[in-house]
Amino acid sequence: MQLFYDGIDQPGLNTLAVYRDERGGYEMLSRALEMDPADVLSQLQASGLRGRGGAGFAMGTKASFLPAGNMDKYVVCNADESEPGTFKDRELMQKNPHLLIEGICIAAHAVSANKAYIFIRGEYDYVATIVEEALEEAKAADLIGALELWVHRGAGAYICGEETALLDALEGKRGNPRLKPPFPAVQGLYQGPTLINNVETLMNAPIILRMGGEEFAKIGTERSTGTKVVSVSGCVERPGNYEIELGVPSRHLIYDLAGGPLDGKRIKCWFPGGSSAPVLPGTDEMLDLPYDFDSLAKAGSMLGSGAIIVADEDVPIVQLALKTAKFYRHESCGKCTPCREGTNWTVTMLERIDSGEATPMDLDIMASVCDQIMGNCLCVLGDAMAMPIASMIKHFREEFEAHIEAARERNDLGLSIPQVNRDDHAGPGDLLQADGAGPTPAVV
Amino acid sequence: MAIDPSRIRRYEHGSRVPGWDEPADLTKAPALVPDPATTPVPAELRGEIEAYMARYPDFRSAAIPALHAAQRRHGWCSPTAIEQVACVMNLTPGYLTAVATFYDMFETQPKGRHDVYVCTNISCSLRGADALYDAMLSAAGDDPDFHVKSFECLGACDIAPMASVDGEYVGPLTEADCAQIVEDVKAGRPVLEAKQIRRRPAAGSRTED
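The listed protein sequences derive, respectively, from chains A and B.
So for the first sequence, our numbering puts the first residue at 1; every next one is plus one.
So for the second sequence, our numbering puts the first residue at 1001; every next one is plus one.
No lab work stands behind these hints, which were simulated from the structure alone.
As the structure is a prediction and not an experimental result, all values here were calculated from the model.
We treat Cβ as the ideally placed atom computed from N, Cα and C, and that holds for glycine.
Some hints here could point you the wrong way.
As the list claims (entries may be wrong) - Computed, partial: chain A to chain B, Cβ under 7 Å: (1) Tyr-5; (2) Phe-87; (3) Tyr-126; (4) Gly-156; (5) Asn-241; (6) Ile-309.
Claimed, not checked - In silico SDA-like links for lysine to any residue, alpha-carbon gap of 25 Å or less: (7) B/Lys-1111 to B/Ala-1098; (8) A/Lys-173 to B/Met-1053; (9) B/Lys-1149 to A/Asp-125; (10) A/Lys-173 to B/Pro-1034; (11) A/Lys-139 to B/Glu-1048; (12) A/Lys-335 to B/Thr-1108; (13) A/Lys-173 to B/Trp-1076; (14) A/Lys-139 to B/Ala-1054; (15) A/Lys-173 to B/Ala-1029; (16) A/Lys-173 to B/Glu-1107; (17) A/Lys-173 to B/Ser-1078; (18) A/Lys-139 to B/Ala-1051; (19) A/Lys-173 to B/Val-1033; (20) A/Lys-173 to B/Pro-1036; (21) A/Lys-173 to B/Asp-1058.
As the list claims (entries may be wrong) - Every beta carbon over 10 Å from chain A, so not counted as near; a handful from chain B, in silico: (22) Asp-1025; (23) Thr-1108; (24) Ala-1194.
Please construct the entire structure, taking both the sequences and the accompanying hints into account.
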């Protein structure tokens, strides 16, 4: 079933002439405006729609946290799509900007917000222009009513995808995350109650109203309702966005839709939900996992922003880890010490591994750094580096060790340095061992 | 084993604060909000910034759009540009410098007029972005008009490896395309029209089976 991609390439879909006049757009908005906000909200809740930005929190529930009453409330659309591997919002906004505008207006009505902003990343300059033009058109046709809606361009910082950092950026500050709670639903933009949702989440609002919340909940699995636009990229034949019902096998996405790895190679590992998700090895068992929030969580990863990055057997895992870690080092805002220092040292250690100066014990230290980042910062950027790196060490420890040995030999660094007995080393236990294997015996 | 101090390089990766290691002049008083009487601001720039300020309940929200406008006008966030924004927005230059240095798209050092951002993040590097970046650097050479920068994920992994040329997304690129990009930009033509993302049909629009 395709809710977004059905005829998405129709020429002129970004204009009112096609979106409203031919395809019946904005009908749901006018219907919503006649309904009581509480009824709209209950439809959204009944749909079971979970946020598409990464955390997967139920959208209706989040909206219901906003206090009632007569005050300035805000809706912010998070269009700062910066998660490596994710490009669904870009395509959706570029091709169908009016659906987003309609969705924002419906969400604003549901929570009785009077101001709304679309925070779009600065790099998406041409997309922002398309959305702005659509917005002008909608305003001129008097479709969005009294809602004050503006497009706000960011200036390039991954951290601004985090909701509280986004609010700071929108308030004209450096994009540093805030301490939570208070959550934005209570105290967000300009200290007012704020609903923040991802582009794809908000685009679902008109569709939910059209179908009815309960009908929408029948799509997908019980706890992951609706369709999901999944960005597949990396070593595949046909990278792109594919819309699926949640719960299809991951293999279907990678092989049937995206065409599988290049030149019939094997998949070494894949990120199921953007670069922040722990990697899964390319085994049959993992590829047969249903692609939904809960199945991926059970397998030790996450759906995240719905971006699959495939790495084939020729990709050295150390290079992949280094690329990932360097990204987070560059994007760490520097506010919390564990993340600022942890990302930096992880890269330094990976570079040592790459050049052969490391010992296998460094893998343990690296995992312990990851352990100390997790949950100790204001936001999850540090965790987002720690999780994939720890999972790479877990699944591919042997390759890391072989890489060290090979580099050591290549650079003529002599024999391995004797290691401390790992049993005495107070590192984090289970995280370090390859699947099912017991502790590696200490080298003397 | 003696530790070689030169190998302990902190913040080498480029902290988000360029110039963090430059000495501060402690005798200098911090700059105040520039005096409108002595700070000429082009009327066009002032109008644009004031229009942005009117959009938000708190005028400070316009800082990023205003810096974008100033950077477009001046080429980079020069001290003059920041002073002009500060004057219109009634903020200190220090505040705006702090904002400008946080974001990757603002340059507080002189740069070429044409931005070429080459994505070198995970998906693009799996398709050869690092070689593309080197090719782009050598194609642009030392032409002062070009500002070639390797960028984190630009959100276009479907056309990996890709680049953003003055905001226009093009890809998938080969190393041979780099010379064409330089030529197109110099001639003022649309860049690599056939490879622009806005002309590309959605991969997922074909039916599921």
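Consistency of the hints with the structure:
1. About 5 Å separates the beta-carbon of A/Tyr-5 from the nearest beta-carbon of chain B, less than 7 Å, and the hint is met.
2. Checking A/Phe-87 against chain B by beta carbon gives a least distance of about 5 Å; that is within 7 Å, so the hint holds.
3. For A/Tyr-126, the interface hint holds, since its Cβ comes within 7 Å of a Cβ in chain B; the closest pair sits about 6 Å apart.
4. Interface restraint check: A/Gly-156 against chain B, minimum CB-CB distance 4 Å, threshold 7 Å, status holds.
5. About 5 Å separates the beta-carbon of A/Asn-241 from the nearest beta-carbon of chain B, less than 7 Å, and the hint is met.
6. Below 7 Å, beta-carbon pairs count as interface contacts, and A/Ile-309 has one with chain B at about 6 Å; its hint therefore holds.
7. A threshold of 25 Å between alpha carbons decides the hint, and for B/Lys-1111 with B/Ala-1098 the separation of about 19 Å falls inside it, so the pair holds.
8. Taking the CA atoms of A/Lys-173 and B/Met-1053, the gap is about 14 Å. The hint holds against a cut of 25 Å.
9. Of the supplied pair hints, the one linking B/Lys-1149 and A/Asp-125 holds, its CA atoms being roughly 17 Å apart against a limit of 25 Å.
10. Only pairs whose Cα atoms come within 25 Å are accepted, and A/Lys-173 paired with B/Pro-1034 is accepted, the gap being roughly 19 Å.
11. Proximity of A/Lys-139 to B/Glu-1048 is assessed by CA-CA distance (about 20 Å); at most 25 Å being required, the pair is judged to hold.
12. Proximity of A/Lys-335 to B/Thr-1108 is assessed by CA-CA distance (about 21 Å); at most 25 Å being required, the pair is judged to hold.
13. With a C-alpha separation of about 19 Å, the suggested pairing of A/Lys-173 with B/Trp-1076 holds against the 25 Å cut-off.
14. In summary, the hint linking A/Lys-139 to B/Ala-1054 is supported, as the alpha carbons are separated by about 17 Å, within the 25 Å threshold.
15. Our distance criterion of 25 Å between C-alpha atoms is met by A/Lys-173 and B/Ala-1029, whose separation comes to about 23 Å.
16. In summary, the hint linking A/Lys-173 to B/Glu-1107 is supported, as the alpha carbons are separated by about 17 Å, within the 25 Å threshold.
17. In summary, the hint linking A/Lys-173 to B/Ser-1078 is supported, as the alpha carbons are separated by about 19 Å, within the 25 Å threshold.
18. For a cut-off of 25 Å, the pair hint linking A/Lys-139 to B/Ala-1051 stands: about 17 Å separates their Cα positions.
19. Of the supplied pair hints, the one linking A/Lys-173 and B/Val-1033 holds, its CA atoms being roughly 17 Å apart against a limit of 25 Å.
20. Under the criterion of a C-alpha separation no larger than 25 Å, the hint pairing A/Lys-173 with B/Pro-1036 is consistent with the structure, at around 23 Å.
21. For the hint linking A/Lys-173 to B/Asp-1058, the alpha-carbon distance of about 12 Å falls within 25 Å, and the restraint holds.
22. No beta-carbon of chain A comes within 10 Å of the beta-carbon of B/Asp-1025; the shortest separation is about 23 Å.
23. With a cut of 10 Å on Cβ distances, B/Thr-1108 stays outside the contact zone with chain A, its closest approach being about 12 Å.
24. For B/Ala-1194, the non-interface assignment is confirmed: its Cβ lies about 16 Å from the closest Cβ of chain A, beyond the 10 Å cut-off.
In this structure, every one of the numbered hints holds.
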